[in-house]
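Colleague: Sequence:
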Amino acid sequence: MVWHQLFPRVSMRSLHCSFLSNMQTGSPQTSFATGFVSAFTLPNLKPAFILRNIFYAVVLSMITLQALIIELASMKWSLSLSGFCRNFVRLFFGKLPVDNVRDQILAHGYDFDEHKVQTSDGFILGVFRLKTRDAHKHKTQGNTTRARREAVLMQHGLLNTCLPFVQNGKGLAPAFILADQGFDVWLGNNRCNKHSRKHVKLDPSDDEFWNWAIDDLAIDVEAMVDFICNKTGNSQLTYIGHSQGAAQGLEAFSTNEKLCAKIKLFVCLSPGAFVKPLTNPWLKRCAKLHVNNPSLFFSIFGRGCFAPPMEWGRKLVPHYLWSFLGQCMFLELFDWSTALWDKCSEPLYFQETPSCISVRNVAQWLQQSESGRFCFYDFGAEENMKRYGTEYPPDYPLENVTCPTAVFHGGKDLLIDFQRLIKMLPNVVLDKQHPQYYHLDNMCAPSAVETVFPEIIRLIKTTSPVA
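Note that our numbering has the sequence shown beginning at 567, numbered continuously upward.
Rather than coming from a laboratory, the hints here were simulated on the basis of the structure.
Just so you know, not all the hints are guaranteed correct.
BS3-like, lysine-lysine: derived pairs with alpha carbons at most 30 Å apart [to be verified]:
| hint | residue 1 | residue 2 |
| --- | --- | --- |
| 1 | 736 | 1027 |
| 2 | 854 | 682 |
| 3 | 881 | 682 |
| 4 | 952 | 998 |
| 5 | 797 | 760 |
| 6 | 764 | 682 |
| 7 | 764 | 797 |
| 8 | 797 | 1027 |
| 9 | 881 | 736 |
| 10 | 1027 | 828 |
| 11 | 736 | 697 |
| 12 | 978 | 998 |
| 13 | 828 | 797 |
| 14 | 697 | 854 |
| 15 | 989 | 978 |
| 16 | 764 | 697 |
| 17 | 989 | 842 |
| 18 | 824 | 998 |
| 19 | 1027 | 998 |
| 20 | 842 | 697 |
| 21 | 881 | 909 |
| 22 | 797 | 767 |
| 23 | 998 | 828 |
| 24 | 998 | 842 |
| 25 | 824 | 989 |
| 26 | 736 | 978 |
| 27 | 697 | 824 |
| 28 | 989 | 854 |
| 29 | 824 | 767 |
| 30 | 998 | 909 |
| 31 | 989 | 828 |
| 32 | 978 | 842 |
| 33 | 736 | 909 |
Note that this is a predicted model, so its numbers are computed, not measured.
Modelling step: build the complete structure from the supplied sequences, incorporating the hints.
Modeller: See below:
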């Protein structure tokens, strides 16, 4: 007997959509129950969706278990009963001091304005503007004092939100460091993450809501840059992007001359361009599958939200445990290390990760890791001819990124071919490598306060506006 004969009124697709929408607010238990009950009143069961999410859950569990075993084997956990009990209680019942970017900003003595920015294709992006608690000092002359402050837009990487820019706290977090220097700091969020889950017409249950890739994230960059310039009255700003945040900046500035002219300084932290061949067996298999049989790839992973069980898990699993499991999984997948991170703040790093992205977004990264190119999305030869006029997608014209560009990267970051990128950029004002840094360390390591951000502050202050 098939599933729809047993449960004719259950829609697992609706259950998925209810989870994604209802679990954004309320307690995990309440949100889970609300999503579960509401889903059982809707029709149109799709068995493929059930199988897909079972597949997601099984594979993610296997990867996480493998990573967890490796991590636990390398940890110096106490073998005493008391030590085991302390770690067990912390992981399963411990609560993080703050559980989202808003709380993190407020907890460290700052305030913020939250703006909604609409893109040209209808997505509503959540953008945070930092304010120091002594902002009243600037109000004596109205908004003119604040408008003249140097604007800085910070853009996060893949599967993330803007949280990493504030997670290390006052005196260590990049956004707070820049705010303390008097800069007008804005924190961007890409379409479909937890702060940008709205569209003027589409709903997260629509496949079209998720029909985007890295190419389309350039639209988000344009919308945020234009909004900030209009709001502040500044004609230019500094753009700081980490990993994919830098990659979408490269794509946006290389294909939009007017937008590039609005960038006074482009700071790339471990920029995600020219991805090297992936080494993790799971990722290698996914990349090979997409290149060799894209139809099967999309049949397995769908064309909507990538790995929705991760989003459910983030809400349902105890906070410390989720952060720990997320850390184990990501370090295993990308061969990173957190040796240089602050161990007290480490549980904060993955509390909003992974954030929702589209399957096509993942597919484009897999394409680039296999091809070794930094190029537009590959739709296949026939569709490429219609869209690009060539059988293969063109490379991003990096020679058009004429704004002053600074590149910070780590000597132990084996994910990206940085030197290849640097050679192709026409206006690199600084190329700085820290020998001991991995992919996240330019942003997350407390030592970045001394090795990275003094240089960024100097560049912002000394770089002349682009004519």
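Colleague: Return the numbers of the hints above that this structure violates; sort them in rising order.
Modeller: The structure conflicts with hints 2, 4, 14, 20, although it agrees with all the remaining ones.
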